[in-house]
Amino acid sequence: MSQSKSKDNLEHFTYDEETPKLFFLATIIWGAVALLAGVFIASQLAFWQLNFKLPWFTFGRLRPLHTNSAIFAFAGNAIFAGVYHSSQRLLKTRIFSDALSKIHFWGWQLIIVLAAITLPLGITTGKEYAELEWPIDILIAVVWVAFAVNFFGMIARRRERHLYVAIWFYLASIITVALLHIVNSIALPVSLFKSYPVYAGVQDALVQWWYGHNAVAFFLTTPYLGLMYYYLPKAVNRPIYSYRLSIIHFWALVFIYIWTGPHHLLHSALPDWAQTLGMIFSIMLLAPSWGGMINGLLTMRGAWHRVRKEPILKFLVAAVTFYGMSTFEGPLLSIKSVNALAHFTDWIIGHVHSGVLGWNGFMIFAILYYVVPKLWKTELYSEKLANVHFWMAMSGILLYIFSMWAAGITQGLMWRAMEGPRLVYPDFVETLTKIIPLYYVRAFGGFLYLAGYVIMMYNIFKTIKASKPAEPEVYSAPPLGKFTTDKQGHRYLEGLSALFTVLVVIAVIVGSVIEILPTLLAHKYYAPEKIENVKPYTPLELAGRDIYIREGCYTCHSQMVRTLTYDIARYGEMSRPEEFIYDHPFQFGSRRIGPDLARVGGKYPDSWHYYHMYDPRQITPGSTMPVYPHLFRKKIDYHILAKKLLVMKRMGVPYSEASISSAISDAQDQAAQVEESLKSQGVKEKVRDKEILALIAYLQRLKAPAEVTDK
Amino acid sequence: MKALYLANYKLVFLNCIALVLFFGIFCGALAWIYRKSSKEFYDYMKSLPLED
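Order-wise, the sequence lines are chains A and B.
So the first sequence is numbered by this note's numbering: it starts at 193 and just counts up by one.
So the second sequence is numbered by this note's numbering: it starts at 8 and just counts up by one.
If you're looking for bench data, these hints aren't it; they were derived computationally from the structure.
Even for Gly, the Cβ is constructed at its ideal location relative to N, Cα and C.
All clues given are correct.
Only part of the chain A face toward chain B is listed, based on derived beta-carbon distances under 8 Å:
1. 354
2. 425
3. 431
Could you put together the complete structure from these sequences and hints?
Dropping the structure here:
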């Protein structure tokens, strides 16, 4: 029995506590995995030996595992848990469908397991935070729809006419994430494990960062703000400071966030006006974000003395403060001149961690400490341990952020230091070895955070263990009646959830369309006399490019010489939009742990790359690049090449019928040429048909279009 | 490079549309949300999470 009616016109009903419980448990488990992966890859950057000699343990393959598990497994499960738990109470109704809840829960866990298997195997699209291949993408869409139906079903069956602001945040998140995921994931499959996005080059980059930044906005921010607006008043036991401010906070965020994506592409080959648009909207974002932070902190009025004793309030106050800090840092980093220094450095890594560890992590911990005793009908096992957790996590974050600031600014300054036309530190590795000590600090900070987390796991485990099975509580409320007040203002709007939804969609779409406009106009920015020089990849180069993507080289290397003097001085001719028109997907990268590779072609002989890929330190002492012995064992998959070319051709890459039918033999011929050249440079090992040949062919091809010659 | 983009830039009307759209909606919303008469209602909304 989930529902009955009594004489006084009250309906009696129970809430589904099992679904939130399951999601909370999943959050705890996946959080440990995500943090462990994080500490491990952070250590790999400090000690390259930790890449071992195993392909699935290299940084390039594990980094996507870390980011995906932190965002979608840890933060994701926590969103679902909190949304289901709080929405039932705010809407006074049980979750819409038990069956959909099961599909949602198990489907999402299946997705995570599939991600955990495929990413280390190198099955990836090569688009950051959207690395999962197309079958998993489809699964994500299906599970998301189950979530959406469950959520909108609750709204339809609610017993509270008015939608509290938390519900709006959830609603906007669900709709926008669906839109982002679908648009960004459109791809043509080559096989079950490989696809190419339909977008190319600058266009792909813009769509990707429209997605990427809004994953931050609508996955890591708006749902968490919804959670904040529910759990903060709950924990403090007083209403939110200003409901009016929360309305402005909501609409301003939903409207502005969607425009900010191009701030990931400042000084790149993206049209300037789109960059400026992204920058301006990012700066505007400061206002509503701080409005939200202030609203959260002022809710604490009169309760500050409790912060000293109660760990839940400590975590909440710190989370809201980190929200404020990272939303201050974000607009700062979007200013073009600041970005010129910070982009591609560890500063950005510090920034995202103040967001995810500080804002999302602390919010999740507060909610866990608050909700677990409530759901399991018991007391928290130890407040003291929770306080210990707080201080360990806080010290961990601070070490993390400060070391990354120092590393980022140091390296950024070294990259840009010039004396006249000369670089002061022309050797890239010099700028790397300087910051390695800071990587020790960072890894230690991450370890502290993880250790605090383990204490929380223990605390929660003990709490749950002490609980006794209890009868589900029965709640009562009158059925949905008329509006409680007259029709006016926002109150009217939020009574009409369908209209409300439409307005959210409009707000999001307006920004999206205008922002993505430059990609539709992209051809206007291609210089016609230069576009003739741009040639599609040869089949072997394409094979090499797919190895580059598989190994996650883009997690350490950019391919984008920015419009900045010192970038040009270091790497060569600046990148132009037309260079990338056949790049499905783009590989601009977001972090230069190693040097930019856009102009590496022809810089070294083939044998240099050969030895460097086998053991980077043999060539560049002090390098932290992983070793890739498996590329010297595995054979090139020639057979799939014709299919790959065909798919590319479908997306507009001008391969002729003839070049498709001779793809395999062309690739074999070119591989034989690389093999010959290696032999002539003194390589003695047998390398026939090995993957390293394709990778070398690809790397040697990375140069300004005019310099690319026919093979 | 920058000069080239600026020279080719013919979409100034977009800036104007964006500005008017954004600022207009913002001011409208502000006036609407801060009307005095809605205080009672907002107090009710605020109290929602504290029930149950």
